[in-house]
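Protein sequences, first through last, are from chains W, U and Y.
For what it's worth, our numbering labels the leading residue of the first sequence as 1, then goes sequentially.
For what it's worth, our numbering labels the leading residue of the second sequence as 1, then goes sequentially.
For what it's worth, our numbering labels the leading residue of the third sequence as 1, then goes sequentially.
Don't take each hint at face value.
[To be verified] In silico lysine to aspartate or glutamate, EDC-like type, Cα no more than 16 Å apart, as pairs: (1) Lys-321/Y with Asp-108/W; (2) Lys-143/W with Asp-323/U; (3) Lys-327/Y with Asp-324/U; (4) Lys-193/W with Asp-67/U; (5) Lys-113/W with Asp-96/W; (6) Lys-337/U with Glu-333/W; (7) Lys-292/Y with Glu-307/W; (8) Lys-335/Y with Glu-307/Y; (9) Lys-143/W with Asp-187/W; (10) Lys-337/Y with Glu-307/U; (11) Lys-45/Y with Glu-23/Y; (12) Lys-17/W with Glu-65/W; (13) Lys-320/W with Asp-63/Y; (14) Lys-320/W with Asp-150/U; (15) Lys-292/W with Glu-307/U; (16) Lys-327/U with Glu-65/W; (17) Lys-335/W with Asp-324/U; (18) Lys-335/Y with Glu-307/W.
Everything labelled a hint here was simulated from the structure, so no lab data went into it.
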Amino acid sequence: MSWTLAQLAERLNAQLKGDGECEIHSVATLQNAGQGQISFFTNGKYKSQLLTTRASAVIVHPDFESDCPVNAIIVANPHAAYARVAQMLHPYPRADHGAHPSAQIAPDATVAKTASIGANAVIDSGAQIGEGVVIGANAYIGKNARIGTDSRIFANVTVCDDVVIGERVILHPGAVIGADGFGQAYDKGLWVKVPQIGGVRLGNDVEIGANTTVDRGAIEDTVIEDGVKLDNQIQIAHNVRIGAHTVMAATSAVAGSTTIGSHCMIAGAVAIAGHLTIADNVTITGMTMITKSITEAGSYSSGISAETTAVWHRLHARLKKLDDMAKRFQHIEKKLKITEE
Amino acid sequence: MSWTLAQLAERLNAQLKGDGECEIHSVATLQNAGQGQISFFTNGKYKSQLLTTRASAVIVHPDFESDCPVNAIIVANPHAAYARVAQMLHPYPRADHGAHPSAQIAPDATVAKTASIGANAVIDSGAQIGEGVVIGANAYIGKNARIGTDSRIFANVTVCDDVVIGERVILHPGAVIGADGFGQAYDKGLWVKVPQIGGVRLGNDVEIGANTTVDRGAIEDTVIEDGVKLDNQIQIAHNVRIGAHTVMAATSAVAGSTTIGSHCMIAGAVAIAGHLTIADNVTITGMTMITKSITEAGSYSSGISAETTAVWHRLHARLKKLDDMAKRFQHIEKKLKITEE
Amino acid sequence: MSWTLAQLAERLNAQLKGDGECEIHSVATLQNAGQGQISFFTNGKYKSQLLTTRASAVIVHPDFESDCPVNAIIVANPHAAYARVAQMLHPYPRADHGAHPSAQIAPDATVAKTASIGANAVIDSGAQIGEGVVIGANAYIGKNARIGTDSRIFANVTVCDDVVIGERVILHPGAVIGADGFGQAYDKGLWVKVPQIGGVRLGNDVEIGANTTVDRGAIEDTVIEDGVKLDNQIQIAHNVRIGAHTVMAATSAVAGSTTIGSHCMIAGAVAIAGHLTIADNVTITGMTMITKSITEAGSYSSGISAETTAVWHRLHARLKKLDDMAKRFQHIEKKLKITEE
């Protein structure tokens with residue numbers, strides 16, 4: 001698959017500088033690009049790489065146009081333009097329409113003509129697979145689950161019964177959508193399972209990382225709105241709602257019934273407690289623990305960065321004596337007759 | 001599937017108020033319930049929802065009986081009673097007895113007549129599948145593994161060789177039971193794999209969440225006792241033992257050879273080091289790190305809750321100077337002739 | 001499978017004390033070993049177990065030779081010697097050569113004669129499976145992926161397209177190698193997917209735990225060098241490089257483009273930010289957050305150990321007031337005319 005530079009610029013609605021007839025067949029880094037390859041430049045730190053690149057073209061911001069020694073596509077947001085060009089040059093491989101002979105499709109499942117069902121995949125009773133959907137090898141689509149147009153379900157994914165998935169959704173390998181939420185009622189020392197009869201709804205353009213789990217609701221649904229992107233090994237508990245266009249990095253977890261706003265950016269290894277409300281446009285930095293609702297947009301943190309173990313042991317010991325130190329400090333303040341405001 | 005209110009009350013051994021002939025077909029929330037639906041009420045905060053509910057019946061504590069505007073089932077523990085009613089109204093779908101034609105069952109495996117083996121599931125040599133067991137699509141049951149009566153193994157689960165699973169156990173999709181523990185012997189800069197020849201034993205009524213991993217023992221077994229409930233994406237290392245009726249929330253991890261007591265409640269994102277002993281009836285709050293044995297029942301914590309990033313940066317900087325501050329503080333105490341007790 | 005003690009000692013190049021003709025068929029703990037079993041002793045704390053063992057033989061350090069009441073193999077590193085003996089006595093079960101009839105192998109895939117392909121496994125177009133490789137049930141090997149000699153891929157593993165795996169590699173169940181990295185370009189409130197066109201290369205003798213994920217690179221490859229051992233549920237993001245013979249314990253995560261040196265030891269629940277460089281021979285203790293590059297070998301930490309929740313609440317409250325306390329402290333220093341150095 002190759003495009004001329006002029007075609008790429010036109011698709012991006014971007015200004016072109018140089019040879020529009022130049023054929024581009026793939027993307028590469030500034031350092032390693034060669035003939036027929038396009039790269040992008042966003043970080044001033046690497047300007048020397050721009051100056052010496054052998055790419056056939058580079059996507060650059062207008063501020064760096066004059067520094068680009070080769071053909072250029074000039075755009076306000078080179079990273080997003082790069083993403084779109086890379087999608088044109090490197091789409092997912094086309095899948096054959098129809099089902100592999102080894103796929104097991106229930107007689108009452110509905111599979112669109114242009115869908116592709118991989119080897120040993122299982123489509124259970126009543127499931128509906130939309131046009132252009134690609135189901136990977138060994139994936140399982142549960143009873144009455146619905147997969148919207150052009151979604152791509154990779155190998156070994158599990159979509160449980162009744163889950164509803166939007167259009168252009170991507171589920172990476174090992175993701176589990178719609179397993180039971182963790183509902184246990186305590187009764188005289190024993191735990192009684194609370195059936196999880198809600199579902200899961202994923203909006204359009206959602207992407208779910210490898211081995212990420214999104215549980216079904218206890219009574220009502222767990223909801224992931226349009227354009228949400230979840231990285232790998234994230235845990236979304238029952239009845240969570242994640243607002244549109246929120247992104248979350250790997251290994252973060254959200255406990256039950258928490259509502260997260262739209263356009264949030266949640267870093268990795270974050271833990272968010274249950275029954276909270278997080279406003280729109282909230283940023284949470286890595287390894288932060290959220291235990292209260294957040295009502296205002298902004299950035300929130302609680303992770304502690306590393307020291308050498310020897311230094312940390314001293315700090316850790318001091319931290320453990322902080323209550324004692326605070327009391328002794330108050331004693332001194334009293335002695336010196338300093339009034340606390 | 002529907003029951004009369006009188007039947008439900010009888011099963012719960014509970015007092016009924018109102019129309020015992022009322023037919024109940026499903027559960028719902030107080031807010032959304034309608035004709036033929038039953039709900040429950042436990043949280044005084046939502047009393048207005050109780051007062052205005054359109055449910056056909058509500059499960060309530062005796063204290064709120066008079067507030068319930070509709071038929072009522074009156075019990076000391078409405079949440080547990082709700083769980084039992086929901087199990088009656090919403091059991092897992094019945095699975096057909098026998099094996100799907102695409103399932104691969106080794107000739108010397110034993111599958112009970114009332115068991116159900118899903119499409120493309122694989123039952124390996126010598127495995128024993130008990131009465132009423134349901135094995136999901138694409139699941140793998142290893143050599144000589146044993147699955148007890150009425151257990152339910154969901155899609156894409158892996159049960160490794162020789163694992164022994166009790167009765168009424170639930171394994172959610174993507175769970176891996178009995179993979180090798182992480183045994184590596186250091187030898188002059190290289191790591192030599194230590195074969196993991198122990199097994200895994202899960203007791204009765206254990207529930208294991210999606211993508212949770214329970215490793216096999218190094219020499220002897222990893223043991224999960226009766227009634228333990230593990231949420232999603234939990235890691236249980238080799239030779240851990242978890243006592244009966246302990247629950248653990250998502251993404252927590254327990255390192256090798258640690259013994260956890262019974263009736264513990266361990267929140268999410270907790271990390272427990274290896275070779276420890278945790279007493280019975282211990283509660284551990286979210287994101288806590290346990291590095292020493294816990295000998296007494298009670299609640300334990302070390303997670304830090306979030307601040308705005310600006311505030312946290314100041315606190316973090318102060319924390320990093322705590323050793324310095326403590327020394328200067330001691331200097332002042334000396335100067336003021338305050339004797340430390 | 002059984003060996004004489006003399007044969008074991010010869011293989012280990014170790015000194016033998018006692019009856020070389022003694023037949024050994026399995027390993028066991030000092031406490032539980034009996035006739036025909038071999039154990040090992042490394043920890044002085046358990047000396048009473050050595051003194052009373054009924055093992056047929058024990059692997060011991062020269063310092064404890066005289067304490068061993070039974071046949072002994074005497075070596076400088078009993079744990080590594082034990083690992084090698086256990087590998088001899090308890091190798092993975094031999095797998096039949098050839099493919100199970102239910103396995104789906106693309107016509108243009110290459111499968112070596114001595115390889116074994118499990119039931120319902122899928123080998124996609126152009127994949128190359130080396131001599132002695134064992135592919136577990138329901139595993140998926142993507143297009144043009146290459147699996148080196150004697151590697152073992154367990155059930156339900158996903159190896160994505162173009163991934164290159166070395167020799168003697170072990171991938172435990174549920175591992176996902178080569179899913180898309182988390183690349184999203186921000187554009188006016190929306191996230192545009194950045195295609196992930198790099199690959200993943202795993203060196204020789206790499207071991208990857210159950211449900212661990214290693215993402216493919218954005219443009220260039222993610223690389224795991226020879227002898228790296230990753231425990232379960234680890235997340236390795238795109239373009240990470242992990243140096244040879246580094247080990248990492250369960251649930252740790254490494255963000256994108258970070259390079260970790262060789263011979264590092266990274267404990268569990270550690271989070272390492274992106275775009276960092278970690279030197280060789282670095283140790284990181286449990287639950288530590290790494291946000292800056294580490295240029296020197298040594299041990300690093302930031303995890304906080306648990307207190308009772310009551311004590312922790314006091315410490316936590318004090319920590320939250322640390323900025324205030326520091327300011328009041330500076331005020332006193334001023335008042336007392338103590339000059340800060």
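Problem set entry | Restraint check for Lys-292/Y with Glu-307/W, where alpha carbons must lie at most 16 Å apart | holds, 10 Å
Exercise. Is the straight-line distance between the alpha-carbon of Lys-320/W and that of Asp-63/Y 16 Å or less?
Worked result: violated, 40 Å
Problem set entry | Hint consistency between Lys-335/Y and Glu-307/W [alpha-carbon to alpha-carbon, up to 16 Å] | violated, 33 Å
Exercise. Does Lys-143/W pair with Asp-323/U here, judged by a C-alpha cut-off of 16 Å?
Worked result: Roughly 60 Å between the alpha carbons, so the hint for Lys-143/W and Asp-323/U is violated.
Exercise. Can the restraint linking Lys-327/U and Glu-65/W be considered satisfied, given a maximum Cα separation of 16 Å?
Worked result: violated, 56 Å
For this session: Compare the distance between the alpha carbons of Lys-45/Y and Glu-23/Y with 16 Å, and conclude whether the hinted pair is satisfied.
Result: violated, 29 Å
Problem set entry | Straight-line alpha-carbon gap Lys-337/Y to Glu-307/U, limit 16 Å | violated, 34 Å
Exercise. When you check the alpha-carbon spacing of Lys-337/U and Glu-333/W, does it fall within 16 Å?
Worked result: holds, 14 Å
Exercise. Are the Cα atoms of Lys-321/Y and Asp-108/W separated by 16 Å or less?
Worked result: violated, 63 Å
For this session: Take a quick look at whether Lys-320/W and Asp-150/U sit within 16 Å of each other, Cα to Cα.
Result: Violated, because 49 Å separates the two Cα atoms, which is more than 16 Å.
For this session: Verify the proposed pairing of Lys-292/W with Glu-307/U, using a straight-line Cα cut of 16 Å.
Result: holds, 10 Å
For this session: Take a quick look at whether Lys-327/Y and Asp-324/U sit within 16 Å of each other, Cα to Cα.
Result: holds, 14 Å
The structure is inconsistent with the numbered hints 1, 2, 4, 8, 9, 10, 11, 13, 14, 16, 17 and 18, although it conforms to all the rest.
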